[in-house]
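Take a look at the letters that make up each chain.
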Amino acid sequence: MGTFSFGSYYPGDGVLYRLDPRVKLLGGIAFLIITLLARTCAALVPPALFVVALYLLARVPAGRAARSVAPLLGIVVVVGILNLFTDHSGATLVQLGPLAISEGSLSSFAFISVRMVIMMCAMSLVTMTTQTLDLTHAVERLLAPLARFGVPAHEIGMMLGIALRFMPQFATELTQTYRAQVSRGARLAGGPLSGVRMLSSVSIPLFASIFRHAETLSAAMDARCYHGEQGRTRMHPLRFAARDAGAAACLVALAIAVVAVSALTSS
Amino acid sequence: MIRCENIVYSYDGATRALDGVKLTIADGEFLCVLGGNGSGKSTLAKHLNALLVPDKGRVTVEGLDTADPEYVYDIRSRVGLVFQNPDDQLVATLVADDVAFGPENLGVAPQDIEAGVARALDAVGLGGFERRETHALSGGQKQRVAIAGVLAMKPHVIVLDEATAMLDPRGRRGLMRAARALHEQGMTVVMITHFMEEAADADRVVVLDQGKIALEGTPAEVLTHADELLGLELDVPPSCALAVALGRGGVAVTPQVDEDAMVAEIARAFTGAAAQGEAPARPAAGEAGGPAATGSSCPAAASAGEVCLALKGVSYSYETSSRERARRSRRRASARRAAWGSDPNEVWALRDVDLTVRQGELLGIAGHTGSGKSTLIQHLNGLIHPTEGTVELFGADLAGRRAAAAAKGRVGIVFQYPEQQLFARTVFEDVAFGPRNLGMSESEVAERVREALDSVGLAFDEVAEKSPFALSGGQQRRCAFAGVIAMRPDVLVLDEPVAGLDPAARREFLDLIARLNEQGLTVIMVSHSMDDLASLADRIVVLNEGRVALEGVPRAVFARAEELERIGLGLPAAERMARRLRAAGVPVGEDVFLTVDELAGALCSLKGVRS
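Sequence order for the protein chains is H and B. Take the first sequence: its position 158, counted from the start at 1, is 158 in the numbering used here, and no numbers get skipped. Take the second sequence: its position 478, counted from the start at 1, is 478 in the numbering used here, and no numbers get skipped.
It is possible that some hints are incorrect.
[Stated by the list, open to error] Far from chain B, by Cβ distances over 12 Å, these chain H residues were calculated:
1) Ala58
2) Ala66
3) Val69
4) Asn83
5) Ala147
6) Met167
7) Tyr178
8) Ala214
9) Glu215
10) Ala223
11) Asp244
12) Ala245
13) Ser262
[To be verified] Just the calculated beta-carbon pair ranges, DEER-fashion:
14) Glu447(B) <-> Ile75(H): 53 to 63 Å
15) Asp112(B) <-> Thr265(H): 52 to 62 Å
16) Arg67(H) <-> Leu64(B): 52 to 62 Å
Calculated from the structure, these hints are not laboratory results. All C-beta atoms, glycine included, are put in the ideal place defined by N, C-alpha and C.
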């Protein structure tokens, strides 16, 4: 367990940690769009420097940052290679039957790979510096304006929060059930019939457990006076501060830089 | 003040879960509600804070009727309810957010919530735990977080609905300590339980049976009605059981709930005679003799059978890389620890464990949660492999893949709460799962299912075609047992087989285990109940922090009271009382007493020698 570490929370303190999670979430999305605005390799320099500066600001060690992004590098490689063979501009360098690698394809391979790595590093940083619970809170608040169109914003946030809370527990229960059934000789390999039996012997107890937990959890929430959003307060209400405005300003400056460099270098 | 006026409640309209309960709970009272499974005690708990509303009769909380929807949240914030399962009732990932959930729902101002959360956590001994993740806490700590979550709503009454049932003794003690502290501060505490020790602390005890109040009074008045309590499928506290056993042996003493009072009472009955004969007391006791007088001087087991399982120098770490292990050891030195409880940062789950199991014996494994018990048993059929050392089953090293696969059929493990692993459409299918995995023919499978159900006391014709989910809790556990027994293992490993059962079901299961062992099955039973181990085991291994701390026949192990005390496991009730009697001058001899009946026998024959 615990091999999947993309953007898992890295405990720390600093201005990035204290930013409003809504700003971080929207800022992350804005950053993705800004990076997509870049048309040339030179235009990727400002976002790259920006991300490096943020990692330094958050004091996330380089090794930890690399480990966090590593699981997704496979996607970068696949997408990059696809591009390697689709762009045919410039002089052809290698010809392998129908597949050709040209100068243009090589530079678009580099461009796309670098751009994706920058984007992943940025998104990973958002989740590394924000507790999942704050993120669900941010989602809830960002969806709140949609409530008048019937989007159950509060309920979605609540459900996300509870799902996150129960995730490690179900993982533990699944391991326990798996071990119990293996002790009774269950094997995945050993014919399709025993495979199916094995899967159902592990999954059905899990579903039974989910229903059991749901029933008592709802009683426990009732007992603690939960009655939806109405009249509910928060221990840590989200409030915008001056630093949030600063973050927005930085992003605007970055967007201008990217567009400007793109315009200057693409001719 | 809570007033229940003849309340009647039925879940299905046919059977009454509560049948005319009349009960008044005074402010500041510590009330204990006792009852077996199905007695209606949890239903009553849910009535106290308007989670359920009576069909007939009325419940009022400080004058507010629970049936009036307008007062629902006033009532629920005044009467806090803590549930049984520590895993079911926490809503948030972080401790502080969970504790804040109630006040947030009540619309408390943010700055007041934060202070309230800190106060509530302090009150349950978890100050400084705000930023911990709830799933990483021990069961007892989770329950205390749940109490804090209720306390943060500033209730006047706190209802603990079997809140200790799923905890180990240490977790239970921590929870009781928190409950007593709250009561001392003036909180009304309603404790719903089937543990008698907990009832002994209460101001008043109410015993429920089939939805009616069967007994009511002070702990002394109620708990000394041994026969009636046994009839209601409840236990009596060991001190009362001793008095009853003495009474049967012709020594009349008044039963006392408190052990110290009981010891004083017995001492009074005996020292009248002992006053003249202080000196010959010791030899007299030696003559009187308990059943096995050589116990304490015999450290080794009476080894009869052939060795079937051998663990040699087994160490196990959940951290597979040695570099990471070293890093964690360093971090552990600086990590902050809980005020009480086990340490999740421990690097080695098991360390240098040597252990042999002989055919036909009943080996008890004792230890706290986190002592390595569960890790140890998973080694026994090759589910996990030691980081260092070897495990051999009938001479075959389980490190080999083939040996590990074969071990699954020969060593059957029944995990904790095995009923949670039931999955099939019918009981037959579920029990047949193991034999089918072993590749048996259908006729053989059917024979084994019948035999297995029979051996756990379930009638094949009655249950085979039923859904396992339709069985009662105790039957479900029997069915899960049968699923392992159907594999005809040579060794049966049981992890806390009676956890979470009520006293009647516990007794039945312990009898079942003893019977299986008598029929020749080798049994390894993991338990943290010293009384269960004392009465059943041939040999006991005590684990502490992943190491074997003590090993030997029960009398030898329990003779080392100081070491057990240091580990925090304590003694069986009989030996505990015997020690106090000795200290009070009653010459019960130097034997180690395993059961209350043994101690009563020794006391009776002592009286016989005297008169």
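- Which numbered conditions among the earlier hints are violated in the structure presented, ordered from lowest to highest? 6, 7, 8, 9, 10
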